[in-house]
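Asks: Dock chain F against the given chain X, drawing on the hints supplied.
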Amino acid sequence: MFDNLEIIRIANGLARHSAARQTAVAENIANVNTPDYKQRDIPSFAALYGQEPDFAMKATHPRHIGANHDFAPPAPRVVRGAAEAPNGNSVSLEREIVKAADVRQHHDMALSIYESALTILRTSLGRR
Amino acid sequence: MSDLMKTLALSASGMTAQAARLRHVSENIANADTPGFRRKTISFDGVREGFDGPQMVEPGRVRLDRSELTLIHDPGHPLADESGNYLGSNVDLVVEIADARQAQRSYEANLKMFDQARQMTSSLLELLRK
Chain X
0 MFDNLEIIRI
10 ANGLARHSAA
20 RQTAVAENIA
30 NVNTPDYKQR
40 DIPSFAALYG
50 QEPDFAMKAT
60 HPRHIGANHD
70 FAPPAPRVVR
80 GAAEAPNGNS
90 VSLEREIVKA
100 ADVRQHHDMA
110 LSIYESALTI
120 LRTSLGRR
Chain F
0 MSDLMKTLAL
10 SASGMTAQAA
20 RLRHVSENIA
30 NADTPGFRRK
40 TISFDGVREG
50 FDGPQMVEPG
60 RVRLDRSELT
70 LIHDPGHPLA
80 DESGNYLGSN
90 VDLVVEIADA
100 RQAQRSYEAN
110 LKMFDQARQM
120 TSSLLELLRK
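Residue numbers (numbering that gives the first Met the number 0), protein chains in the order written: chain X, 0 to 127; chain F, 0 to 129.
Isolated chain X, as found in the complex (with noise of 0.2 Å):
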């Protein structure tokens, strides 16, 4: 029922992103020591979701295009062009221990958007 409402439906995207995008990193960190293991990465919520212009066609009803925009985090892709190891690693853990800190935040902005929306739906129905 609440999928419906956008500020939901975008919260939830970026949780489900964050997620994934922490999957990405747990991999990367513990194949640090993996021989000819390549770094793999999930581009960050605002790169994928923010070039859309405010001026899109708005989806509001199911048989819509761009109704199905569900905000599905893609598979992790592996990074070409970094640095890398003698052994042919190229994963570098300072840049995965800030980019975990960053999936922090925004599962953490994720979730407090998602409640103070349903604290605005219980203030609308009457109840503190």
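Any given hint could turn out to be false.
Stated by the list, open to error - Okay, derived cross-link-like pairs now, DSS-like style, lysine-lysine, Cα gap no bigger than 30 Å in a straight line:
1. Lys39/F <-> Lys111/F
2. Lys98/X <-> Lys111/F
3. Lys98/X <-> Lys37/X
4. Lys111/F <-> Lys37/X
5. Lys37/X <-> Lys39/F
Claimed, not checked - One side only, chain X facing chain F, incomplete, derived with CB under 7 Å:
6. Ala19
7. Thr22
8. Ala25
9. Arg103
10. His106
These are computed hints drawn from the structure, not numbers from a lab.
For every residue, glycine included, the Cβ atom is placed at its ideal position computed from N, Cα and C.
Replies: Only chain F this time, still in chain X's reference frame:
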């Protein structure tokens, strides 16, 4: 949620692999003075789940370092030959300590990821309490 569960499994596999490595390092250090001991090295293998799933890591085969054993001159040693030499181990303590430090660093990074995924899961479940 299932992504976060995958994260927990991934970090756990990383920690297991680093712990196995640390075990071999401590074995090498313990045997640094054992005559004829060759240091053991371990490599990591990536194990991918399905075609495009996340890559778990697991410790690979244990190999022996084939480099030369050090020749130690000690005529009083029971293993010494006529010229007073015997073969020691090929363990280099500096290399082992560096290896242990690297394993520890990687282990801590995995632990941090594990903890972060756990916290993200619990804050997700916290939403249900409202």
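Asks: Look at each hint and say if it fits the structure.
Replies: Status of the hints after comparison with the structure:
no. : hint                 : in the structure
1   : Lys39/F <-> Lys111/F : 28 Å, holds
2   : Lys98/X <-> Lys111/F : 13 Å, holds
3   : Lys98/X <-> Lys37/X  : 16 Å, holds
4   : Lys111/F <-> Lys37/X : 21 Å, holds
5   : Lys37/X <-> Lys39/F  : 26 Å, holds
6   : Ala19                : 5 Å, holds
7   : Thr22                : 5 Å, holds
8   : Ala25                : 4 Å, holds
9   : Arg103               : 6 Å, holds
10  : His106               : 5 Å, holds
Checked against the numbered hints given earlier, this structure breaks none of them.
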